[in-house]
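The chain contents come next:
Protein chains: 4
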Amino acid sequence: MVGGGQGAFIGEVHRFASRLDGHYDLVAGALSASPDKAKASAEALNIGRAYTSYEEMAKAEAARPDGIEAVAIVTPNHVHAGPAIAFLEAGIHVICDKPLTATLDEAEALQAAVKRSKALFFLTHNYTGYPMVRQARELVESGALGKLRLVQVEYVQDWLTDPVERSGGNKQAEWRTDPARSGAGGSVGDIGTHAYNLAGFVSGLAVERLAADLDAFVEGRALDDNAHVLLRYQGGAKGMLWCSQVAPGNENGLKLRVFGDKGGLVWAQEDPNRLWFTPHGEATRLITRRGAAASAAADAVSRIPGGHPEGYLEGFANLYTGAALGIRAHQAGEPMPELARLVPGIEAGMAGMRFVGACVESSRRDAAWVSP
Amino acid sequence: MVGGGQGAFIGEVHRFASRLDGHYDLVAGALSASPDKAKASAEALNIGRAYTSYEEMAKAEAARPDGIEAVAIVTPNHVHAGPAIAFLEAGIHVICDKPLTATLDEAEALQAAVKRSKALFFLTHNYTGYPMVRQARELVESGALGKLRLVQVEYVQDWLTDPVERSGGNKQAEWRTDPARSGAGGSVGDIGTHAYNLAGFVSGLAVERLAADLDAFVEGRALDDNAHVLLRYQGGAKGMLWCSQVAPGNENGLKLRVFGDKGGLVWAQEDPNRLWFTPHGEATRLITRRGAAASAAADAVSRIPGGHPEGYLEGFANLYTGAALGIRAHQAGEPMPELARLVPGIEAGMAGMRFVGACVESSRRDAAWVSP
Amino acid sequence: MVGGGQGAFIGEVHRFASRLDGHYDLVAGALSASPDKAKASAEALNIGRAYTSYEEMAKAEAARPDGIEAVAIVTPNHVHAGPAIAFLEAGIHVICDKPLTATLDEAEALQAAVKRSKALFFLTHNYTGYPMVRQARELVESGALGKLRLVQVEYVQDWLTDPVERSGGNKQAEWRTDPARSGAGGSVGDIGTHAYNLAGFVSGLAVERLAADLDAFVEGRALDDNAHVLLRYQGGAKGMLWCSQVAPGNENGLKLRVFGDKGGLVWAQEDPNRLWFTPHGEATRLITRRGAAASAAADAVSRIPGGHPEGYLEGFANLYTGAALGIRAHQAGEPMPELARLVPGIEAGMAGMRFVGACVESSRRDAAWVSP
Amino acid sequence: MVGGGQGAFIGEVHRFASRLDGHYDLVAGALSASPDKAKASAEALNIGRAYTSYEEMAKAEAARPDGIEAVAIVTPNHVHAGPAIAFLEAGIHVICDKPLTATLDEAEALQAAVKRSKALFFLTHNYTGYPMVRQARELVESGALGKLRLVQVEYVQDWLTDPVERSGGNKQAEWRTDPARSGAGGSVGDIGTHAYNLAGFVSGLAVERLAADLDAFVEGRALDDNAHVLLRYQGGAKGMLWCSQVAPGNENGLKLRVFGDKGGLVWAQEDPNRLWFTPHGEATRLITRRGAAASAAADAVSRIPGGHPEGYLEGFANLYTGAALGIRAHQAGEPMPELARLVPGIEAGMAGMRFVGACVESSRRDAAWVSP
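Same order as they appear, the protein sequences are chains A, B, C and D.
Residues 1 to 372 (the UniProt record's numbering) make up the first sequence, in order.
Residues 1 to 372 (the UniProt record's numbering) make up the second sequence, in order.
Residues 1 to 372 (the UniProt record's numbering) make up the third sequence, in order.
Residues 1 to 372 (the UniProt record's numbering) make up the fourth sequence, in order.
Please note that a few of the clues may not be correct.
Given that identical chains are not distinguished, each listed pair holds provided it fits within a single copy or across any two copies.
To be verified - Taking lysine-lysine pairs in the DSS-like style, the calculated list, with each CA pair at most 30 angstroms apart, reads:
id : residue 1 : residue 2
1  : Lys171    : Lys255
2  : Lys171    : Lys147
3  : Lys115    : Lys59
4  : Lys147    : Lys255
5  : Lys118    : Lys262
6  : Lys262    : Lys171
7  : Lys147    : Lys59
8  : Lys37     : Lys147
9  : Lys115    : Lys255
10 : Lys171    : Lys118
11 : Lys171    : Lys37
By construction, these hints were calculated from the structure, which means they are not laboratory data.
Okay, chain A solo, but in the shape it has when bound (with noise of 0.2 angstroms):
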């Protein structure tokens, strides 16, 4: 693991989501840019070994006969395409948090790296291993909600309501509106990668053009903290996405909406184990996780029965699991498994950061059409 010291939030996420099925050891780490507390973490989570700099991991893994198989990077952003080059570099395969990196030019060297590489790439835009969510996705392909014409998403907190990366205690907050470590999207980067992430993965389209309204509602605030972005989709859907970090009653309002000329689905990810389904012109359905109308899909990232909540770490997990599926495979030379291939990778991260992209230019242009 590079990254996920002490005092971090998605480092402890990628622990307990690699942890749940069994698949992982975390042997490894390069936890801190600093020297003591990368060593202070690796004893307190009992990591042997530990190092001081990536590099120096990815060397040193590279050349053990029991060095590391695959590595989770779970650094704020900037620090995303330096070690993931680094261990694509030393044939370990990568498991790295969205969004891709910081710049789109971080992007290009990193997507050039993975090309180059033997090694595998997955990107965690964990929503997608929601079995609801990969229902969804088979509903929409199946064609039971027709020709698609509407994408509905949004992704609300209220986290950053208040200019709370200036009360001096708030790492994530520091982070995640310093355009240094972000890059160029705040909230649009943070979580509308992930809105725009889960559109595409259940509707399976692309947007063709979108028209952004970014803004920094927190007087001196260096990145937009909310995002109202209207979205073209190649074959005619039409869609609006909306993230914002400063809509207080919100925690982590992810929702996605999905029309056609055949029915709807509506899926919630502060709801995770409901889908609801109305084909056009009779009663809605309500599809639960493991219930009557669960389908293959969803069953195969469920581990215990329907009514039984599974949250945001088995969704995790799902991806973590689909990637070491996809390690063991690779390693056995053997076709990547549907499992593995759900999970989002290099070109996922790459739309990402095009939107982000296209998002702060339309937006710098007064919401002008531009292609992401």
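Use these hints to put chains B, C and D onto chain A, whose structure you have.
Showing chains B, C and D alone in chain A's frame:
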């Protein structure tokens, strides 16, 4: 009543609403342009004085000592201005269905007539009549949400998913998709104006510019059946408005969310007795009609105890009662009471027309920013 | 109208309900036992013929050529039997609030009067008037749930959590907690009878035996404010009934769940336009009033399109309209129409009285099994 | 681990739960009574030390210097007491699935063994591990609800609606409906004990007497599949418990409502990150896990930020982690930490057994009052 003959929808709603509180008797009507139907409808409704034209009705009623005090206009949009002007000129108060008219020219003529007339003019943007909407408005006004940043409003239906206007049996769909009768806006005129009005009513904010992307997803449909609109309010707040009539699984999904720097609120028309309010940094409160946290403004338009759902007709009736109180005060030479002042009037109607016009123009210009 | 003077609650509800569909004019009333109040109330309501006693009113109205056709009795329970019998004997149809009477003796006298009279008797167990309750009943009757096994019903409020009957300002609480005016049942008579009636209306089942545990949690309260009841239905189904007026956070929580060997349904009064139906082994369906899966029985008592909430007054009005149709048919010598037959009558009233009696007796005998 | 071989359900849950926080390694197991299956299961799970009997395992592990510190017992009920006693006698800590045992005799033998042993005993009434359940308990303890009056608890499923135990392919249904393996309680033992435990955990109240009406609705089923229970608590509170496995449309519907003279709360297992709290006379609060109003007790068993749903496995893992902390403290000779003390133990298990016994006895005596 003008319009509202057999087969009509909104005429019946107006009759229910006017009857509920006992302030109105329906004694005269020009219920249909067809003489036979006008007569038959009047008989079916026990209306004594049946007219075959609104001009005739306005004249005759104005001349009678027991002539009507007020008239309800419940015709398709293109027959709003004519009768409204005729009755206003006859000194008879007008309660008119929304949107104001089919065209901006008609709207301006009507506005002039309102200015000239001593009679009152009310417009039934009925969703403003819900008790919890009144409380939402009051919460914003009180400063409980702080300075407003975001207004997200949507009005989503599915009844035009198929080309039902060509099925031969759906009068409502026929005129609502016909530019000659509806005006330039389809969904945007029919329901978008409601959403726009509600957002303004609660937030107290005026839109400075908007950018709209309108679609007619059903082939051959002459008016939009879906609209995606970005909003920029005076003072810096931003918003999104989505209205659709082609989103399967949605019946009458009008929903408003308003966020400021101190709190947020959510209200949904299909669950109208509840208002969700979050003071930033505290638990969300569920405020119910006539519940422990209901306010005076909500109480003033409630009829029965909390937990006994009041619905659409009750909300609609609140406008009728507000209008009745206004008419009584007017007759007595007294100032307009609060409940009358809260009923939308000609200004709200003009704002709605400018909204439709701006949306259509913006969409024609590829979602350019337009001032409504 | 008998009762319903100033300060009353249910009288106003009856007036709204009678007015909504235009079948009734309120022209005469004995609104209060106090002559002054009776007069003042009548004036405030624009009621021309104000009486000071119901006996006088029954006689006088029966004697007039334009006398009332029907009377609404909206007094406290101990003043149901007297006026009901008087009007029935005068040949005037009676619409009476629930529960039937305060005592079983009164109930039997009233039952005898109904049998003797040619006039009709209706009892406003109003929750049976909700469209989705009608559809629930129809679903059970159709066999969609299979053989019934379980009936779970509850009616939960919180307005008597404190001893508000001793606050000096709460007329409703005063008489409803007073055995002399309410009868032997407190919560069990006031709301338990509604729950019991609703369960029977939808399930079509009759209770064979019940075991009840009644409590007055507020010190010094003379009647129960909470009741826990086990139900055994004829044919083997079982059930539970819970009613409470001391459960903070509950306003008017009437909820019914019915399960058979082929399916289950759930309906809740505070969300009345929705009915949840699960065919065993399939996804749960959300059936909405006038939605795609609404039935003819629900449609027959609906006024406006799906998604436009109808509420408590509309459901209540459905009984008034059913009674009006019944009265018209009766006058014309025609058979009772379906909508009139669905209005609860004297049998439902007697069943409610036996239920209250059985609960009180069972509770006195330490929750022994008692046949109602 | 004892039990939990191929085809088992709860064994897998224990494995997930033990793995999540990294406190356990699964190194030895007697996974099945069948030697072949025990071996195959151990191999599939990468468990090094596979035993064919729990007696052997207890002996061997106790003898090894690197023997297990704790064992999870995840067998059907009739194989709880045997292994639990064997491991306790070998000085190995026991984490045992619920209910405690199949018979009261076994339970008493186990209780004696717990008293004799220095090893610790934990019982996985896992629903007590949910963060919002911890906060609910804390709210009651703090007096925020005042003096408790009502405890309403239900646990409703539908998976035994049909006689699936005779279908030949449902191991879970087979043993859970078999008195020889389950004990005297069917639904009441399997899920009723959970509901009973949860009610006691949150309310802090002990049941004085209960009256139960048990049914086996499916013909030929030897154990109850539905139970209706009246509860009388020490101190005067009353309650109802309903558990069912034959209610179509219910997956795992455990729901608890507690009401006192100052407030009420509601929690439902299928929406576990939310707790509804109403201070009497105020608006209902929606308290969310790690949200603005979350308490220290909830926070202590939370892993990730609010809005990121934690589910069943996380709640279950909280007991495993509590047990691990308890074992560590025990080894260090330190007092039990709070999180360990909150894990149900032998007393909770005995209470559950007495509850099942009392329900069965009461039901046999026609729902007579019985002290558990």
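(message) With identical chains, the pair lysine 118 and lysine 262 could be close in the same copy or across copies; at 30 angstroms between alpha carbons, which is it: within, between, both, or neither?
(response) Answer is neither: 43 angstroms inside a copy and 52 angstroms across each miss the 30 angstroms cutoff.
(request) Tell me, please, which holds for lysine 171 and lysine 255 at an alpha-carbon limit of 30 angstroms: within, between, both or neither? (result) within (27 angstroms within a copy, 35 angstroms between copies)
(message) Within, between, both or neither: how does the pair lysine 115, lysine 59 come out at a Cα-Cα threshold of 30 angstroms?
(response) Within one copy only: 20 angstroms inside a chain, 55 angstroms across chains, cut-off 30 angstroms.
(message) Please sort lysine 262 with lysine 171 into within, between, both or neither, judging by C-alpha distance up to 30 angstroms.
(response) between (47 angstroms within a copy, 23 angstroms between copies)
(request) Measure nothing new, just compare the shortest in-copy and cross-copy C-alpha distances for lysine 147 and lysine 59 to 30 angstroms and report within, between, both or neither. (result) neither (50 angstroms within a copy, 54 angstroms between copies)
(request) Check lysine 115 against lysine 255 for me: Cα-Cα at most 30 angstroms, and say if that holds within a copy, between copies, both or neither. (result) Answer is neither: 33 angstroms inside a copy and 46 angstroms across each miss the 30 angstroms cutoff.
(message) As a check of your reading, is lysine 171 near lysine 147 (CA-CA no more than 30 angstroms) within one copy, between copies, both or neither?
(response) between (45 angstroms within a copy, 27 angstroms between copies)
(message) Within a copy, between copies, both or neither: which one fits lysine 171 and lysine 118 at a CA-CA cutoff of 30 angstroms?
(response) neither (35 angstroms within a copy, 45 angstroms between copies)
(message) Within, between, both or neither: how does the pair lysine 147, lysine 255 come out at a Cα-Cα threshold of 30 angstroms?
(response) both (21 angstroms within a copy, 26 angstroms between copies)
(request) Please work out whether the CA atoms of lysine 37 and lysine 147 approach to 30 angstroms or closer within one copy, between two copies, in both situations, or in neither? (result) The answer is neither: 53 angstroms in one copy and 41 angstroms across copies each exceed 30 angstroms.
(message) Regarding lysine 171 and lysine 37, is the shortest C-alpha distance of 30 angstroms or less found within a copy, between copies, in both, or in neither?
(response) within (15 angstroms within a copy, 51 angstroms between copies)
Taken one by one, the earlier hints fail for this structure at numbers 5, 7, 8, 9, 10, listed in ascending order.
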